[in-house]
Amino acid sequence: MSNQPATSRPFLIRLFSSPGFCSLLVLVAFLLLLEGLVRSGLVSRAIVAEPSATILGIADLQAKVDILGALRSTLTSTLIAVGLELLVAVPFGHLMYKRRAVGIAYTSWLASLSAAPIFLLYPLFLVVFGRNQVTLIVMGFLPGVIPLILHVQEGFLGVKQTFINVGHSYALSRRAIFWRIMVPAAAPTIATGVRLALMYTLINIVAVEYLVDVGGLGRIVADRYFRFDIPGTYSAIVAVAAVSVLLNWLIGRGEQWVRSR
Amino acid sequence: MRIFNPRQHALHLQVLWIRVCTILAMVALWEFAARSGMFYEGVIPPTWSVIVALVQELISPDFYVDLGLTVFGATAGFIAGSLIALVIGIVLGLQPFARRVFEPFITAIGGTPKVIFLPIIFLVFGLGIESKIAKASLSAFFPVVLSTTSAFVQIPKILLLTGRSFNLSTWQMASKVYLPAMANPVLTSLRLAMSMSIIGVLSAEIANSQGGLGFRLIRYADQFRIASVYADAILIFATAAFMNYALSLLQGLLGNRGRKPTAAERAADKAALAATSGA
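If you read the protein sequences in the order shown, they are chains Z and E. So for the first sequence, the numbering used here puts the first residue at 3; every next one is plus one. So for the second sequence, the numbering used here puts the first residue at 70; every next one is plus one.
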């Protein structure tokens, strides 16, 4: 019967009609196909590593390149950069909301800059700050601060005038209106901005780490590739991608938590 | 006839004043940094040196060869990546189960730094223009596929039912119903994808190349010709801005730019933005 309750259907049918299980099945089928293609020689081992070697190689990476240390280094750079972004973006975004002319003057500039290849400036910062973490932090800061400023401005612009009027009717001070009404009302949009800023910062830091061969996760991929360790390169890519996916998921959950409150 | 509005006029003047002051302050700060001796000599060249380097780049025939390589790589990659993404986006929109199976992979990879896939791209496509096109395609693919899927899901059911009641073929449904209904968010994602393609090509050129603007910029940096690095960066920004502007014009012609976006369009834009993350 088509309208049979889902719980009374046989277990296997329920399992195969679950998208999560099918996603896993697709992934396993893809990896097995790739394994077969590489082992049969149809795809050269010099180009694609066997998935089994790639997965087993992730454990070796810790011994070879200290993947946890790399993760710590990338996360430290990212968190410092995001902290600086918040320090700059919140007051500046608020100023752009408060002073209409400032908002109009800078919004289109910032929107254009957000689509510009800012990471290209890394050779200049390498020369100014040296081949160290400061360059990574600056390169993470620049692409992250722009969406954050725009979201802070958008968040404050989205606060309903009625809320502010209610605050005035209770004779609240300007400070109280700001902290008790405007900040909570703008928080969901600002949380989206923080999520984007975190993602952009992390991605750009990893990109510069890869290109400059310095720092954490990005450097691991570059290190394995420059040694022409093909399974190691694939293991490093999978490990970095897995860490990125996990961090993005955590950031997304954090945003949902803020939005639900 | 436009009516003169003194408050609007004063606001425009204020905006202009802020912009001019910002540019002047930045140039003054730059000159101060260049002449203060706070940095190593040559690290921050005087603005005049940058202008001279900029002119030298513009009159150099080599520059246009590299510009052509970068623009070709970005455009070819953009077209390939966006077309594949549009088709997959529509297929995933049509098949809810397939969408729920494949979307987690697309969302997951869309949020990772694409630059880490460069070794695989170089191994598969070599170090020539093919690898630059492949990187541009990869960068363009994610914002378009996520935006298309999101926009498709939010097409009003009445439009789909009307199309089906007229017995439209798949191609007619795509060209007469799906694409017009998704025009605005898809065009916005295409604009983002173009920017991502340029960034994708530049990152591949910087990592491993013998030509293109990214290669040119990194070669100048290696030779410590800092004024030329700044000049190239300005020209690359200008190129990216021009290509972005061209697509904005296209969006204005094909879409409905200027009107307030609907909730569905905002959702699609957000989906695209989540996969638009620079390098």
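No wet-lab data here; the hints were simulated from the structure. Treat the hints with care, since some could be wrong.
Short, incomplete list of chain E residues facing chain Z, as computed with Cβ under 10 Å [said to hold, decoys possible]:
hint, residue
1, H78
2, Y109
3, L163
4, F166
5, V170
6, L196
7, S264
8, I287
Which bits of chain E does chain Z cover? Going by a derived footprint, with three or more residues having C-beta under 8 Å, they are [unchecked claim]:
hint, stretch
9, 113-120
10, 127-139
11, 171-181
12, 272-281
13, 292-304
Chain Z is nowhere near these chain E residues, computed Cβ spacing over 12 Å in every case [unchecked claim]:
hint, residue
14, P75
15, A97
16, L98
17, T144
18, G162
19, L322
Glycine is no exception: its CB is placed at the ideal position from the N, C-alpha and C atoms.
Structure versus earlier hints - violations, ascending order: 1, 3, 6, 9 and 10
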